[in-house]
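J.: Given chain A, work out where chain B should sit, using these hints.
First to last, the sequence lines map onto chains A and B.
At position 145 of the first sequence (counting the first as 1) the number is 145 in UniProt numbering, and the numbers step up by one without a gap.
At position 44 of the second sequence (counting the first as 1) the number is 44 in UniProt numbering, and the numbers step up by one without a gap.
Hints listed in this document are in silico derivations from the structure and should not be mistaken for laboratory results.
Careful, some of the hints might be misleading.
To be verified - Calculated pairs, BS3-like style, for lysine-lysine (alpha carbon to alpha carbon, straight line, at most 27 Å):
{"#": "1", "chain 1": "A", "residue 1": "K224", "chain 2": "B", "residue 2": "K8"}
{"#": "2", "chain 1": "B", "residue 1": "K39", "chain 2": "B", "residue 2": "K55"}
{"#": "3", "chain 1": "B", "residue 1": "K55", "chain 2": "B", "residue 2": "K37"}
{"#": "4", "chain 1": "B", "residue 1": "K8", "chain 2": "A", "residue 2": "K217"}
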Amino acid sequence: MAAATGAPPLTPGTEEPKPPRRRGRLTPYWLLLPGLLWLVVFFALPMIYQASTSVQTGSLEDGYKVTWHFVTYWDALAEYWPQFLRSVLYAAAATVLCLLLGYPLAYLIAFRAGRWRNLIMILVIAPFFTSFLIRTLAWKTILADSGPVVGALNTLHVLDVTSWLGWTAGDRVLATPLAVVCGLTYNFLPFMILPLYTSLERIDGRLHEAAGDLYAKPSTTFRKVTFPLSMPGVVSGTLLTFIPAAGDYVNSELLGSTDTRMIGNVIQTQFLRILDYPTAAALSFILMATILFMVTFYIRRSGTEDLV
Amino acid sequence: MPFVNWLKRHLVVIAGLVTLGYLLLPNIVVTVFSFNKPKGRFNYAWQQFSLDAWKDPCGVADMCGSLSLSLQIAFWATLGATALGTMIAFALVRYRFRARGAVNSMIFLPMAMPEVVMAASLLTLFLNMGAQLGFWTILIAHIMFCLSFVVVAVKARVMSMDPRLEQAAQDLYAGPAQTFLRVTLPIAAPGIAAGALLSFALSFDDFIITNFNAGSTVTFPMFVWGSAQRGTPVQINVIGTAMFLVAVLFVLASMLITHRRTKQKA
Numbered sequence: 001m002a003a004a005t006g007a008p009p010l011t012p013g014t015e016e017p018k019p020p021r022r023r024g025r026l027t028p029y030w031l032l033l034p035g036l037l038w039l040v041v042f043f044a045l046p047m048i049y050q051a052s053t054s055v056q057t058g059s060l061e062d063g064y065k066v067t068w069h070f071v072t073y074w075d076a077l078a079e080y081w082p083q084f085l086r087s088v089l090y091a092a093a094a095t096v097l098c099l100l101l102g103y104p105l106a107y108l109i110a111f112r113a114g115r116w117r118n119l120i121m122i123l124v125i126a127p128f129f130t131s132f133l134i135r136t137l138a139w140k141t142i143l144a145d146s147g148p149v150v151g152a153l154n155t156l157h158v159l160d161v162t163s164w165l166g167w168t169a170g171d172r173v174l175a176t177p178l179a180v181v182c183g184l185t186y187n188f189l190p191f192m193i194l195p196l197y198t199s200l201e202r203i204d205g206r207l208h209e210a211a212g213d214l215y216a217k218p219s220t221t222f223r224k225v226t227f228p229l230s231m232p233g234v235v236s237g238t239l240l241t242f243i244p245a246a247g248d249y250v251n252s253e254l255l256g257s258t259d260t261r262m263i264g265n266v267i268q269t270q271f272l273r274i275l276d277y278p279t280a281a282a283l284s285f286i287l288m289a290t291i292l293f294m295v296t297f298y299i300r301r302s303g304t305e306d307l308v
Numbered sequence: 001m002p003f004v005n006w007l008k009r010h011l012v013v014i015a016g017l018v019t020l021g022y023l024l025l026p027n028i029v030v031t032v033f034s035f036n037k038p039k040g041r042f043n044y045a046w047q048q049f050s051l052d053a054w055k056d057p058c059g060v061a062d063m064c065g066s067l068s069l070s071l072q073i074a075f076w077a078t079l080g081a082t083a084l085g086t087m088i089a090f091a092l093v094r095y096r097f098r099a100r101g102a103v104n105s106m107i108f109l110p111m112a113m114p115e116v117v118m119a120a121s122l123l124t125l126f127l128n129m130g131a132q133l134g135f136w137t138i139l140i141a142h143i144m145f146c147l148s149f150v151v152v153a154v155k156a157r158v159m160s161m162d163p164r165l166e167q168a169a170q171d172l173y174a175g176p177a178q179t180f181l182r183v184t185l186p187i188a189a190p191g192i193a194a195g196a197l198l199s200f201a202l203s204f205d206d207f208i209i210t211n212f213n214a215g216s217t218v219t220f221p222m223f224v225w226g227s228a229q230r231g232t233p234v235q236i237n238v239i240g241t242a243m244f245l246v247a248v249l250f251v252l253a254s255m256l257i258t259h260r261r262t263k264q265k266a
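Excised from the complex, chain A in its bound form (with noise of 0.2 Å):
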């Protein structure tokens, strides 16, 4: 922290007397320097490559060379749309899960945990120190063909039902969408808990009792008063959780089949086990355009710029 502290005014002139250490005018910059220099060179420079190595045509003998093959483009998607809406509909559904599950705990949290604030808090947060492979792994033996949820859904015929919607098939819920679903809403979970419970908190607690003098009942004060000012927690929420879970590949793998194969797995498959960069890179490239895409429209259209 050198630079912070002991850089000499390079301009002596016009130097500012007051904000102490405002002095070096190009301390912000030698602060910047490093970090940025690391993201410009590991997380920028690789997007270009990226998109350079999409229009590149040849083989892994012969070497690639950009041939602005945009072809690769148009055959990816031709050939992996189903891929692609799977893992937008599948996210949609665990997001969609993840705030019906996610707003009672933090709600619980925020108002109702008293003593138990801390505690519950910390159960929220400590699984995401037991590697998040293994927790997926244990839904296996949950969700196992023998085991108890299955027979619970089965006695209930819910697996009827879910298999007549396609969720599920026969009477398994292992390698169908609905254990891929109930793995993705598992481990982002906290992802929308967290922001949705700083958002809570900060509302402050004689909102609730004005709304309550005005007759409102709680249904009406919910609706009117906590879930709007709830609602930048809800929009970093669901970003948070949407976006890891379009990308992901590790619950398909581990939970679903051949039949649940995401975006991520394509991806995976065809840059480490196929070694077809080209389309490989233009996939990823379609998905970080589509995920972009939609999130500055959802920012827009929830009007919380500033959230970013």
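T.: Okay, now just chain B, sitting in the frame of chain A:
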């Protein structure tokens, strides 16, 4: 109908606790199955109680090696990301400069990008440069994606800090270095610690980016991934359970310390 009324009043609490159960269920399964003695290669069905895995946690080939590699990478990635991220956070809060918007979006974008996209593009860079995939490429990648989270954590803390405290220090004839070390840094410390802790957890648990950029190097998550294909040893569950316990104890201890301190002050 007192019961219905009770149910109505506590509906949020019940729903919240159901969610909490959903969140904790896998951890319970992981713990219980660390005492299992599976018949085949996979530890998915309960057979019988056994302490074998706990007695010999490193009994699986390569597992503890991958664990120590993951810890090393997480340590260095935390150090790097915390240093670089803290500097950026200070620059953003304390100084006016050109291109602030561009810097902000450069920080935000890695957090808004699916991991697989970052992973794939970074791999194209490394392939183009002819870099040897392994420890260093993993470390570079981890510092890259942890950085933004540190910036956000430290920024929040520094922003809420009263600038008059530093002015007071200057009025009391503290030099810039002294002010920074004795006033600014201690106040910013909880933010820096939060960023570091988050970095460590993110780096240690990262799979997708590591999977692309590790070459033949095997970190702990990569070991678990491989074992999901070959057969899951019970020892994985032992490590998972131990990590969970250490994390909970760590957080409880730190809360106890802050609790004592605030009591002493009061």
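J.: Decide, hint by hint, whether the structure agrees.
T.: Consistency of the hints with the structure:
Of the supplied pair hints, the one linking A/K224 and B/K8 holds, its CA atoms being roughly 19 Å apart against a limit of 27 Å. A C-alpha spacing of about 18 Å is found between B/K39 and B/K55, which places the hinted pair at or below 27 Å, so the restraint holds. Annotation: proposed proximity of B/K55 to B/K37 holds, straight-line Cα distance about 13 Å (limit 27 Å). At most 27 Å may separate the alpha-carbon atoms for a hinted pair to count; B/K8 and A/K217 meet this at roughly 13 Å.
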